[in-house]
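Visitor: Residue-level listing of the chains:
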Amino acid sequence: MSAGPPLERQAAITGIGQSDVGRRLGRTDIDLTIDACLDAIADAGLTREDIDGLATYPGAGTGMAGFSGPGTPEVQDALRLKLNWHDGGAEGPAQMKAVIAACFAIAAGAARHVLVYRTVTESTVQGEGGRQGIGGSGSGGSGGVPRFSGFLQWTLPFGAVSAANWIALVGQRRVHEFGLTREQLAHVALNGRRNAALNPKAIYRQPMTLDDYLAARMISSPLCLFDCDAPCDGSTALVVSHVDYAADAPHPACHVNSVGTALRGRPSWDQFDDMTTMAARDAGASMWERTDLVPSDVDIAQLYDGFSLLTLVWLEALGFCGRGESGEFVDGGSRIALDGQLPLNTAGGQLSAGRLHGFGLLHEACVQLRGDGGERQVPGRHEVAVVANGGGPIAGSLLLTRGSG
Amino acid sequence: MFANGPSIRLLPRLDDDNRFFWTGGKDGVLRFLKCGSCHQLVHPPVPVCPACLGKDLAPEAVSGRGRVHAYTVNHQQWIPGSEPYVIGLVEIVEQPDVRLTTNLVDCESEDGLIGSDVEVTFEQHDEVFLPLFRSVDSSKESNS
Ligand SMILES: [Zn+2]
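Line by line, the protein sequences are chains A and V. For the first sequence, the positions run 1 to 405 when the numbering used here is used. For the second sequence, the positions run 1001 to 1144 when the numbering used here is used.
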């Protein structure tokens, strides 16, 4: 397609860090972020003087309270970083945007060691009031009643107020078109819960059975409570370095092999050309277009599970099975188990380990490639991992390979 | 029997681009922007035809008939006081790649909803007329 290897191969993840993760930690977002960032810098064998780039997703003030974490200016100032490059924002290939931007900044020579972080304090800020819709963000109606513009005007009047509803439409279409069953979908959640039992930081670690899953209350059919991820507090950070530092890093580097960034269909939850899939289809395709590796080379998959159904969409989008076949792929759970053909969401995913919003999955991919998974380490080969983030019109993916060391 | 929608209707903010759509129910018709050059329906409204890049776009009435492409029964109390209601994704018969997220009303069962034929019915809130859809068969029954 292009001359020479793709530029993202100039980048490698050399350090990973994470704050405490939990429910209602009662700590501020900047407090958690500093813990994660300092952890990642030390893990990379660096000091803050080495960090010359900084990136986050989605940037300060985006979304509901507790969703965005601190912006890059706040983190730069707290750590007095001297930056050659910085970036924070929400538009792009999902949460992965911050990592992918860092890779390209490194390849362009704009920075050498980029600190990338993602912080949520949704549990503390939103309390235990349960999953929230997004209906509180409008303005401009008469008598103090908010009115809505943009995409929300097309969904909120009909009570389709949450991504749960928009994704449920895709789910019900998949039930109709592919015969997806709740028993199949359950295995994404059951697999996550099984793995979370081996992750001391996970939010939900008690065993869950298929009967527990089937008995859970419906949120928006076919999605029940256990198909929705668990809001939490926590910060995850990575150091993305120029690849020529990889051999000097204290831990095996996770080399960026290719990135999935495409959006070729309409950027819409309800006008996408194929309502059984999403932008993930395009991001996944574009990732494989940039590499000679193929899906059967992947040893470990960390696929976004903000809702269980998104994981099914990603399994197909990344070519692990054909269109419509993901329900059968996960059925029974053995294929996606730690000792299966494609170990999936090995730390419990967002459904059980907590909604670290994509970056928990990214962190776990690096842990597994390094072989540091402890009780939950994937046995045997752990050379290639894929991480995917996002749902609906936002999607990004990353193919990582294990370096020597 | 499911509810016809949430307990409270959150409403669109009308502007010069969307007013024709949200007020069409006053005349009992559903309207979409249509390209005068290539006759494509364009939704949501934008000032250019994405197919031919023509700028000769104007609201045009459609039949109000559609087909259910997908649905979900919402149970969560995002909006307090709501009973379970059916969110539908309806294809417009004139151009099935134009879809509306809406409510399927007078809906007794979710069996066989996908692929079923529906027609628009409007629910007025101030100057806004929300396009909802009901089964073509059940509307015949209620009219008889
Ligand atoms: Zn045209």
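Warning: the hint list may mix true and false statements.
As the list claims (entries may be wrong) - Taking CB as the label site, the calculated pair distances span:
no. : chain 1 : residue 1 : chain 2 : residue 2 : range
1   : V       : Gln1077   : A       : Val125    : 40 to 50 Å
2   : A       : Arg80     : V       : Gly1054   : 46 to 56 Å
3   : A       : Pro295    : V       : Phe1020   : 19 to 29 Å
4   : A       : Glu91     : V       : His1125   : 28 to 38 Å
5   : A       : Asp292    : V       : His1039   : 40 to 50 Å
6   : V       : His1039   : A       : Pro73     : 45 to 55 Å
What the hints assert, rightly or not - To spell it out: a stretch of chain V is covered by chain A in this simulated footprint if at least three of its residues, at any positions, have a beta carbon under 8 Å from a beta carbon of chain A; those stretches are:
no. : region
7   : 1056–1066
8   : 1077–1086
9   : 1094–1100
Stated by the list, open to error - For the chain A half of the interface with chain V, some residues (derived, Cβ under 7 Å), not all of them:
no. : residue
10  : Phe148
11  : Leu156
12  : Leu263
Hint data in this document are derived by calculation from the structure and do not stem from the laboratory. Bear in mind the structure is a predicted one, so any value in this text is a computation, not a measurement. Note that CB positions come from ideal geometry on N, CA and C, so glycine has one too.
Visitor: Now, for every hint given, state plainly whether the structure supports it.
Guide: Okay, the hints, checked on the actual structure:
Taken as a hint, the range 40 to 50 Å is violated for the pair Gln1077 of chain V and Val125 of chain A, whose Cβ atoms sit roughly 20 Å apart. Remark: the range hint 46 to 56 Å for Arg80 of chain A to Gly1054 of chain V is upheld by a beta-carbon distance near 55 Å. Taken as a hint, the range 19 to 29 Å is violated for the pair Pro295 of chain A and Phe1020 of chain V, whose Cβ atoms sit roughly 47 Å apart. Range check, Glu91 of chain A to His1125 of chain V: about 32 Å between beta-carbon atoms, so the 28 to 38 Å window is met.
Range check, Asp292 of chain A to His1039 of chain V: about 45 Å between beta-carbon atoms, so the 40 to 50 Å window is met. The hinted range of 45 to 55 Å is satisfied by His1039 of chain V and Pro73 of chain A, whose Cβ atoms lie roughly 50 Å apart. Remark: the region 1056–1066 of chain V is not confirmed as covered by chain A, as 0 of its residues place a Cβ nearer than 8 Å to a Cβ of that chain, below the required three. Residues of the region 1077–1086 of chain V with a Cβ under 8 Å from some Cβ of chain A number 4, which satisfies the need for three, so the listed coverage holds.
With 4 residues having a Cβ less than 8 Å from any Cβ of chain A, the region 1094–1100 of chain V passes the three-residue criterion, so the hint holds. Restraint check, Phe148 of chain A versus chain V: the minimum CB separation of about 6 Å is within 7 Å; hint holds. With a least beta-carbon distance of about 4 Å to chain V, the hint placing Leu156 of chain A at the interface is held under the 7 Å criterion. Nearest Cβ of chain V to the Cβ of Leu263 of chain A: about 15 Å, over the 7 Å cut. The hint is violated.
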